[in-house]
Amino acid sequence: MTLTPEKPIKQVERVIIRFAGDSGDGMQLTGDRFTQQTAIFGNDLATFPSFPAEIRSPQGTIPGVSSFQVHFASRDILTPGDHPDVLVAMNPAALKANVSDLRAGAVIIADTHEFTARNLTKAGYDHNPLEDDSLADFQVHPVDLTGMTIEAVKDFSLTRKEATRSKNMFALGLVSWLYGRPVEPTIDHLTRKFAGKPNVRDANIAAFKAGVNFGETAEVFAVSYEVKPAPVPKGRYRNITGNLALSYGIVAAGRLADLPVFLGAYPITPASDILHELSKHKDFGVTTFQAEDEIAAIGAALGASYAGHLGITSTSGPGMSLKSEAVGLAVMLELPLVVVDVQRGGPSTGLPTKTEQADLLQAMFGRNGEAPLPVIAPQSPADCFDAALEAVRIAVTFRTPVVLLSDGYLANGSEPWRLPDVTSLPRIEPGFATGPNHKLDDGDEDFLPYLRDAETLARPWAPPGKAGLEHRIGGLEKSDGTGNISYDPANHEHMVRVRQAKVDRVAETVPDLQVDDPSGRARLLVIGWGSTYGPIGAGVRRVRQRGFDVAQVHLRHLNPFPRNLGEILARYDKVVVPEMNLGQLALLLRAKYLIDAESRTNVRGTPFGAEEMEGILLAALTDLGIADASDNPIDARVAEEALR
Amino acid sequence: MTTPIDLGLPTPGTAGVPTLAEGQQLTGKDFTSDQEVRWCPGCGDYAVLKAVQGFLPQLGLRRENIVFVSGIGCSSRFPYYLDTYGMHSIHGRAPAIATGIATAREDLSVWVVTGDGDALSIGGNHLIHALRRNVNMTILLFNNRIYGLTKGQYSPTSEAGKVTKSTPMGSVDQPLNPVSLALGAEATFVARTIDSDRKHLTSVLSAAAAHRGTALVEIYQNCPIFNDGAFDAIKDRDRKADAIIPLEHGEQIRFGPPGEDGRGSKALVRDEVTGGVRAAFAADVPDEAILVHDAHNPDPSTAFAISRLTDTGYLNQSPIGIFRQVVRPTYDDQVREQAGPRRGLDDLQALIDGGDVWTVEEDR
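Chains as they are written, first to last, in my numbering: chain A, 61 to 704; chain B, 1324 to 1687.
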């Protein structure tokens, strides 16, 4: 079935749609299906699911609103978008919670069936906003989504409650028509998903088709829109979330290193999906252990690493706090271990379902003693795959725990992923100890568990089972070479410094950073890490469209920093550091490079918006005397002319 | 190759661990590392170390396939003194680390050495969960009823009222009974022995090593510096007959000075009032009323009742031996059974290519 709308079609470059409803209305599923259709159609896209920490908040209330935003375009895009062009509001609370984010003139599709006096009161309305002029800035389409859904599925002998559950598919059908989305993938999906429940399958498909047909025939919508496919390199693609990409990265790393993978984890939002996903892949040599607590989770993973497996533990901020002591032990034991921290709003329990980047300093310094370890961060959902491979490469090569800092936005957000050819991915060499590595004065050979590789300073990895390599390791300071307990002051000083030097040497294996500075004339550098990559890129694009020069660089390696970072920072008159914390990377950059890096932060639990980032950059350009803070594009061009 | 015959016997704890070549025999010396032992003179740990070094050769296993993991405390220095693979980890976490090792590697004989503070206080959670999961490992819990390494604070097994550096007016904590705790956690092997009785200690170690699953062995161990004499009642030549209640599977539970039949003059019988067990003079009760110890009973209630005969205050009486020894599938064996055939890069490509995939034929 291909849509052949008879109504006029308007071309648009990009669209932002937000589906919003009650937690039980299936908005995440609806958004996910729309995203799949859009991905298959060939648009570039970015998504932003947002949901409460409670599984079912009181129905119809604002705290219970769940939403899914998707931004898609005929060009490459970097963020889920700031201001939706379309809001689908399944009830009054969903309208109230989201209307302030809409751009002027946006389309609102509201389910009139749910705009009852009772629901309006629950949402805090004293009038029905669909019936007064409070929404005059928008194109409001009141549609009885629920009523029409019930009508569409009446032949399938469902209870009224079951029937109304398909209303999200009606809404999906309507919006799919509005933007010319291919509908077959969703019909196929529903057919597969409800194969065992024919009634539910048929009802959902009927509701979905009814939504499409309603858009096409009803007089409500005068036009539909077309967003052409985006220019992308050829290849095979799928849409992927950060947690799934990270999980695949770990599975892949295990195969590329030819090591069994052992994940120790304790359920925690927003990291649990990594545990769920990896538990499906036992046939790739992945063992998952749902531990009694966060400490046991890392303890078992470290035990598995000691035994020669690839130990991984996944968690979020509160779990990181609990794991600190064991991470310190891993630093001391010098065994490979990847600690995945899917950051969320903190401190303490904080905002379990919202994003933040405030665990950077915890990852860097959250242990007793001098306990350095490499820290790396993915920059987009699909990039979580590559970042996981890099974390494992470093952990195995340097025999060290590595912290991989994802966040809630990357974890649940999605984007198209160009599928790698796995045979072309670099192998990871475990390089287990095979025999004695040292000759005694009397000519006998023995094994020194802390004799280091001259290049990497890594110690041998000698899992049990090899005769002649029996050795004891532990958390007490150990003598250089032998690993025996040592309280010798000079030895301790040496060991502290050599552990630091080993981590510093990771930088030798990291390629130089590439600065994005097309004109080569920029005086302003914006630097970020992790999930701010998209918003920073979007802000940079906007500022460049205004005719300004701005350079962008983004860090995957946060410890150690890439070798050429200091030289890059010194090149610019101003360095701005946007982060979703109170300036943690800025603190590190200032401390290490003695530069006046300026921190620009947001801790609202949501990513920076493109417009917000544009404002940050314009303000910085204004400080430099290049732009005008009045944010007027004409003034800005004048300023640019004056500069030349 | 002969077809193995399933005789319905329990799988030994060391099944899957490589054994020494025919005719090869190790000695205690082979298990002695080059590290100087640094416990206080007179510490009970010496006796346990000697017993373990003497016992390990009996297993006939390859030394490189034996791993000792410990936490923090005096007893946790144990791995340094054994010439096997070893890890001296962090406080209380040894059962968790050993769970990872045992689950990852079927070919390793995994031992945990811990103490009353390490296992029952800071690491209580890990101990409980290791026991209920039944991970194939042996946990040696050295119980000296005191914190030794931190110089003499009361521990979770110290008697109430104990005056220590941190409890100058006497401890008001109710002590834990490690055997009761383990039985409550549905451990499949629970035993108690004494540092000074090498023969008994060795026999319990042997049974524990043969057990597939988590074996918890509580070892009464004297700390001569901070809690000297804590176990005097059961070590004293004159008192120990009354103090030790020996548990032998299939035997009547008799203790006390020998009676006319040459066996202990006291016995354990059902306590009709409490539903537990109590001591009685053997001569005062019918022979069939005397409890016959059944360590293999799937129901742990009687074993638990027997464990309650241990004094919570100063120790005057304690059952010693194997309380419980039952067969239950182990966590690690079941995890390994779930593992499928190991897939390679082709399958990996198929995995990541799964889901809704689309192809862009030309750069656009």
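There's no promise every hint is true.
Heads up, simulated DSS-like pairs for lysine-lysine below, C-alpha to C-alpha not over 25 Å straight-line [to be verified]:
#1 B/K1563 x B/K1522
#2 B/K1373 x B/K1488
#3 A/K526 x B/K1352
#4 B/K1352 x B/K1558
#5 A/K253 x A/K67
#6 B/K1563 x A/K499
These are computed hints drawn from the structure, not numbers from a lab.
Predicted, not measured: the structure shown is a model, and the values here were computed from it.
### Message
Just to be careful, I want the Cα atoms of B/K1352 and B/K1558 compared with a cutoff of 25 Å; is the pair within it?
### Response
Violated, because 28 Å separates the two Cα atoms, which is more than 25 Å.
### Task
Given the hint that A/K526 pairs with B/K1352, test it: the Cα-Cα distance must not exceed 25 Å.
The hint holds at about 19 Å.
### Query
Hey, B/K1373 versus B/K1488, does the alpha-carbon distance stay inside 25 Å?
violated, 31 Å
### Task
Decide if the proposed pair is consistent with the structure: B/K1563 and B/K1522, CA atoms, cutoff 25 Å inclusive.
OK: B/K1563 and B/K1522 at ~16 Å, within 25 Å.
### Task
Would you check the hint for A/K253 and A/K67, treating anything up to 25 Å between C-alpha atoms as holding?
violated, 32 Å
### Query
Are the Cα atoms of B/K1563 and A/K499 separated by 25 Å or less?
Not satisfied, since the Cα-Cα distance of roughly 54 Å exceeds 25 Å.
Hints 2, 4, 5, 6, counting from the list given before, are not met by this structure.
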